[in-house]
Amino acid sequence: MNGNKGFAIPGLFLLFLVLASSPGWAAITVQCPGDTNGDAIWTGPEVRPENTVCIHLTAGDGFIRMADGYLQYIFGFNDFTGTPPDQIMDQAMLSQQFPAPTIKVKEGQDVYLTLSNVGMVQRPDLFDAHTVHWHGYPFQTPVFDGEPMASISINMGSSLTYYYVAPDPGTYMYHCHFEATEHMQMGMLGNLYVTPRQDDLPDGAVLGSHVHHPDPDGNGPLPGDRYVFNDGDGSTRYDVDYPIQILAFDPRFHDASMNVQPLPFAMMRDTYPMLNGRGYPDTVSLTPPTPPDENGGRVSQPMNSLITASRGQRILLRISSLSTVEFYTLSSPGIPMLVVGKDAKQLPAYFTTNSLTLGGGESYDVILDTADIAQGTYFLYTTNLHNLSNYNEDFGGMMTEIVIN
Amino acid sequence: MRSIMMQRFRWFPVMAVLLLLGASPALAAIQGVTGTTFNLTAKADHISTPDGGSIHMWGYALNNGRMQYPGPTLILNQGDTISITLTNNLPPGAGNVSILAPGQSGGTATGGVQGLITREAPPGGSVTYNFVAAEPGTYAYYSGTRPELQVEMGLIGTIIVRPAGFNEASNKTAYGHPETRYDDEFLFLLSEMDPNIHELVEAGLMNMVDNTKYFPVYWFINGRAAPDTMLDANVSFLPTQPYNCLPMTRPGGRLLMRIVNASRDLHPYHTHGNHHKVIAFDGRLLESAPGAGPDLAVADFTTSVPPGGTADGVFQWYAKAGWDIYGTDNGHDCVDGNGDDLDDSTYEYCPDHGKPFPVDLPHKNDTTFGAFWGGGPFLGTAEPLPPGEGGFNPNGAYFFMWHSHSEKELTNFDIFPGGMLTMMFVEPPSPPLINP
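Residue numbers (the numbering used here), protein chains in the order written: chain U, 1 to 405; chain E, 1 to 436.
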């Protein structure tokens, strides 16, 4: 036995040297055409190819704070586009945000999305891989679909670059699909949408009874000259848009994950309903919740859900749900909802309603026309009224405000 | 009736040979029984769950065979007058049993005893239901006796009505209109289960069941929980769960999804790979006027069918990837004769023909492989994998997960993965290319 032990350690060391010297072994690498230093942006002599977008997302763990102050351990994504690859592990570990960063691209763009797995600092026993699943991407192939059973997932310390041609415009969503029930409940979820080519029509283009006028400074479409779809008649035009993602947490599940306990899948019950990663009143706060010390004091919930518009404007709500357990009904009792799209498809017939019910994986494009709405504060909230709560704290949860000036 | 099921089983080796020859028969036939007169028996048995569970069930058996969950799919022809005789062989104390067939026409019932909703078969007795299958579509049938208990226990099945003029070889439509044509059809009967209820019933304590405490921990498609959904139909070790759910198609093929929500919860059913066009709900085409076809159809990536309701969806896949999904080193052509940008037989998107794969995939040591990953990104090309990896995809097909997006439902009693999940795959259009 002693003799064997004597050989084992140098043997392991040699193995480590061999593996460490293999090409492509555990490296953070960004693939972005025209970018030579791997930071996913084009600076100095680097030339951006036409119509190309590069994104660098990290995947790992982090901490957030619920609206009642409760600390919550999460898995998540963060956006490190612009950070050199040799700084990624150091900066990204334990930094993930909830929801994941919003991805907004234009129809037809070439999108290179590099996903780097920075590991789980709080759970060094886990070696989970991660993926990005662009939910609803039409005409997809498994290699870039991010569904692990039919595809590949990226291990800790390494990177995988997804390629998409930004598809038909509309509201999609994205999430990790690796061990989906666990990773989605833990928070690897984000907003994603595609804007239409119609936004870039030349000045004076006629769309039904609407004439298109882009920004004369060449900065793209102005409010009122932006559209949800290539509708051909301007009927889906809007002035301001807000992605609103329905999400909810089961704190017992997150605590079990943090404390290296068995995960309660069968008993999963969400008691922190949220919009865009916060419960009311944090949904309408322009400053993020106090960052937890546990992640180094970094902001981890950067997104609010406060909807503001001037009277007369058309507000586009890009509503999606990535709830892992329940359906939720969102109601706008004060301002009628004109539903123009579902699941990133323009509806053949729009309809007006005051509420919509979404299960996980569904999306709606809704226009609130404030032409006949008096100034004031209105509410967008779940009519599953018990979800207007932050766990045991009443008057919170899945609600936000629509402020008409 | 039993002989029909035997015949279907013998078709499998024939279809496998045809696939290799490059012919294009339907990739699978929907399982069920045809005719106009049916004898069903309600009886008890057990089903198996992948976590090793065994659940006491009440279900409909064909003739006096073994009970099955879900009940036999009845495939009817539009306009036929149908007669179903139900005999009650449920365990003592179970009470009466019955059948409701929502969406059918001119229903009458004879024999048996009068129940709250319909006539019922008393213990040991029978009742006969007659109706006209007046409208094509996808429907459910289930017990109308104490349905909050009996549907949970498994007394539910599917009725499919073929449209007038339907012909398996030459006129395969769901609703008669050409826009409802399909190449392959698959059933997705969605259900959930609370095993506590089944344990109480098995112990003879039926009247102690408290539905206010309903808490499902199992989820099923066609009576099986994943991964059993992906086993063959009629496997010998699941004798009371004869149906599977393994949808498959070819590029450009039209796949008809017949979704039945046989449960009390909503389930957001999500198809990876592409949207599916929901053409009908509850056996009625989404059409603006009779004969217009499904012009009010909406393409969804996730569809939630109401409890007890049905939906029909048409799924068609091809790729618009920005790179050539068949590879760039094998000399294949993209021939677009009809100007739709797609190859006329392989449905390759010709504007992408010859475009190289756009990124380097990570080193295999840095990658976790899925069981259904073919080893590489190209359709029809199986590439080498490390030992022990993959193996479920020898033809280099494209697999996509089709599943409930309430992710909690992808579990078998606290164990992930499982539940309401299956894999749809796109077979390559011609015999597979093997990358040496």
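There could be a bad hint or two in this list.
Unchecked claim - List of simulated lysine to any residue pairs, SDA-like, C-alpha gap at most 20 Å:
{"id": "1", "chain 1": "E", "residue 1": "355", "chain 2": "U", "residue 2": "374"}
{"id": "2", "chain 1": "E", "residue 1": "320", "chain 2": "U", "residue 2": "107"}
{"id": "3", "chain 1": "E", "residue 1": "355", "chain 2": "U", "residue 2": "138"}
{"id": "4", "chain 1": "E", "residue 1": "364", "chain 2": "U", "residue 2": "163"}
{"id": "5", "chain 1": "E", "residue 1": "320", "chain 2": "E", "residue 2": "338"}
{"id": "6", "chain 1": "E", "residue 1": "355", "chain 2": "U", "residue 2": "53"}
{"id": "7", "chain 1": "E", "residue 1": "364", "chain 2": "U", "residue 2": "127"}
{"id": "8", "chain 1": "E", "residue 1": "320", "chain 2": "U", "residue 2": "270"}
{"id": "9", "chain 1": "U", "residue 1": "106", "chain 2": "U", "residue 2": "127"}
{"id": "10", "chain 1": "E", "residue 1": "355", "chain 2": "U", "residue 2": "127"}
{"id": "11", "chain 1": "U", "residue 1": "106", "chain 2": "E", "residue 2": "320"}
{"id": "12", "chain 1": "E", "residue 1": "320", "chain 2": "U", "residue 2": "234"}
{"id": "13", "chain 1": "E", "residue 1": "355", "chain 2": "U", "residue 2": "110"}
{"id": "14", "chain 1": "E", "residue 1": "213", "chain 2": "U", "residue 2": "165"}
{"id": "15", "chain 1": "E", "residue 1": "320", "chain 2": "E", "residue 2": "337"}
Honestly, the hints are just simulated from the structure, not real lab data.
Fair warning: this is a prediction, and the values are worked out from it, not measured in the lab.
Please name the hints from earlier in the document that this structure breaks, with their numbers sorted from lowest to highest. 1, 8, 9, 10, 12, 14
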